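Asks: Since chain D is already given, all that's left is putting chain Y on it; use the hints.
Just so you know, the protein sequences line up as chains D and Y, in that order. When you line the first sequence up against numbering that gives the first Met the number 0, it's residues 0 to 178, in that order. When you line the second sequence up against numbering that gives the first Met the number 0, it's residues 0 to 178, in that order.
Among the clues, some could well be false.
Same chains, same label: a pair holds when it works inside one copy or across any pair of copies.
Claimed, not checked - Each computed BS3-like pair below joins lysine-lysine, with the alpha-carbon atoms no more than 27 Å apart: (1) Lys68 x Lys174; (2) Lys59 x Lys174; (3) Lys47 x Lys5; (4) Lys122 x Lys163; (5) Lys174 x Lys97; (6) Lys163 x Lys89; (7) Lys47 x Lys102; (8) Lys102 x Lys92; (9) Lys102 x Lys174; (10) Lys77 x Lys59; (11) Lys59 x Lys47; (12) Lys174 x Lys5; (13) Lys56 x Lys174; (14) Lys5 x Lys163; (15) Lys5 x Lys92; (16) Lys77 x Lys174; (17) Lys59 x Lys74; (18) Lys102 x Lys56.
FYI, nobody ran anything at the bench for these hints, they're computed from the structure. From a predicted model like this one, the values you see are computed outputs, not experimental measurements.
Number of protein chains: 2
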Amino acid sequence: MNTKVKSLIILYTGTGKGKTTAALGAAVRSIGQGGRVCICQFIKSNDKTGEFLFFDKFTKQVDIYVLGKGFVRPKTDKNSLEKHCQAARKGLKFLREKLVSEKYQLVIADELLDAYNMGFIDKSELIEITDILPSGTHIIITGRSAPQELLDRAHTVTQMNEIKHHYNMGILAQKGIEF
Amino acid sequence: MNTKVKSLIILYTGTGKGKTTAALGAAVRSIGQGGRVCICQFIKSNDKTGEFLFFDKFTKQVDIYVLGKGFVRPKTDKNSLEKHCQAARKGLKFLREKLVSEKYQLVIADELLDAYNMGFIDKSELIEITDILPSGTHIIITGRSAPQELLDRAHTVTQMNEIKHHYNMGILAQKGIEF
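Chain D extracted, bound-state conformation (with noise of 0.2 Å):
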């Protein structure tokens, strides 16, 4: 059987670290084959990472956008949180945009189940973006934890579970591995 496909819809998910990298592993795979890519940070607000400094440094062909307004913490006022979902919700509109545009091999939409997560967007709305997706287009969604209905949507699904972390040995992020 070799059952042909367009567009791939891959989820990374878990509670542990490599999501977002294994994204822009992901990405230099894309580019490294000639392909366009796109990547939509969500939650994120930070434009001094790794990923931004060099995708937006080297190559033309990643388009790179932090959309979020950083950490959502836990007891967050309701004011604070609004701004957050504004974000989010703005920033749902923009990667349609950049999805139905087919510019691109590979859209990331990273922390895209975060936001929902979060209640920012619906779950039809996450549903709707597989619906949506060109054919030749394939997209990586990451985030904690998906729904159902999304994981049954996807191709490939691999959940990123914490055995340990050096945040729990009191190391903090360090430049150039969490950012």
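Replies: Showing chain Y alone in chain D's frame:
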């Protein structure tokens, strides 16, 4: 608590897709922050992968080496197995030289754990790598599974579990995704 550490040992293990890709993404982060990266790919023999083509072409900050003889099939005959073993042993020597050179902020030993699991490399040799790691060099080691002694020494371990893979739907490896 803020423990300072100059050299992180990071393991990406498990059966799921994303181990090598996560290591490649870490390379992007490191070079984006101005680092130098060395990627040693064990077992693998393909130098037409997206990562090879991209890193080789676009940046002088990454040295990437393909050191294996290709996927080791079950029931490989003794002669071929010996060739794989020799390549892994030569690769290990090369990796050690690169590590102690102190030239790199990040060294990636891709599929080294598979070379260990196939018996090409001893446990003591695997552990020794963490002993010779110079201050200022992080290492990422990938492969299906790691011995307990290495897990104990690692700062960060993510196990990538395959929930679903498009191979199992009869979809072949995709250029720009798997390689």
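Asks: State whether the alpha carbon distance between lysine 59 and lysine 174 is at most 27 Å within one copy, between copies, both, or neither.
Replies: both (24 Å within a copy, 20 Å between copies)
Asks: Are the CA atoms of lysine 77 and lysine 59 at most 27 Å apart within a copy, between copies, both, or neither?
Replies: Neither way: lysine 77 and lysine 59 sit 39 Å apart in one copy and 47 Å across, limit 27 Å.
Asks: Is the C-alpha distance from lysine 47 to lysine 102 at most 27 Å within one copy, between copies, in both cases, or in neither?
Replies: Intra 26 Å, inter 24 Å, cutoff 27 Å: intra and inter.
Asks: Checking lysine 68 and lysine 174: alpha-carbon separation at most 27 Å within a copy, between copies, both or neither?
Replies: Result: close within a single copy only, 20 Å intra versus 34 Å inter.
Asks: For the identical chains here, do lysine 47 and lysine 5 meet the 27 Å Cα criterion within one copy, between copies, both, or neither?
Replies: between (34 Å within a copy, 21 Å between copies)
Asks: With identical chains, the pair lysine 122 and lysine 163 could be close in the same copy or across copies; at 27 Å between alpha carbons, which is it: within, between, both, or neither?
Replies: The answer is between: 21 Å across copies meets 27 Å, while 31 Å in one copy does not.
Asks: With 27 Å as the alpha-carbon cut-off, assign the pair lysine 102 and lysine 92 to within, between, both or neither.
Replies: within (16 Å within a copy, 44 Å between copies)
Asks: Between the shortest in-copy and the shortest cross-copy C-alpha distance, which are at most 27 Å for lysine 59 and lysine 47: within, between, both, or neither?
Replies: both (18 Å within a copy, 21 Å between copies)
Asks: Should lysine 163 paired with lysine 89 be assigned to within, between, both, or neither, using CA atoms and 27 Å as the limit?
Replies: Answer is neither; intra-copy 35 Å and inter-copy 31 Å both fail.
Asks: At most 27 Å between C-alpha atoms: does lysine 56 with lysine 174 qualify within a copy, between copies, both, or neither?
Replies: both (18 Å within a copy, 25 Å between copies)
Asks: Checking lysine 102 and lysine 174: alpha-carbon separation at most 27 Å within a copy, between copies, both or neither?
Replies: between (32 Å within a copy, 17 Å between copies)
Asks: Should lysine 77 paired with lysine 174 be assigned to within, between, both, or neither, using CA atoms and 27 Å as the limit?
Replies: neither (32 Å within a copy, 45 Å between copies)
The structure is inconsistent with the numbered hints 6, 10, 16, 17, although it conforms to all the rest.
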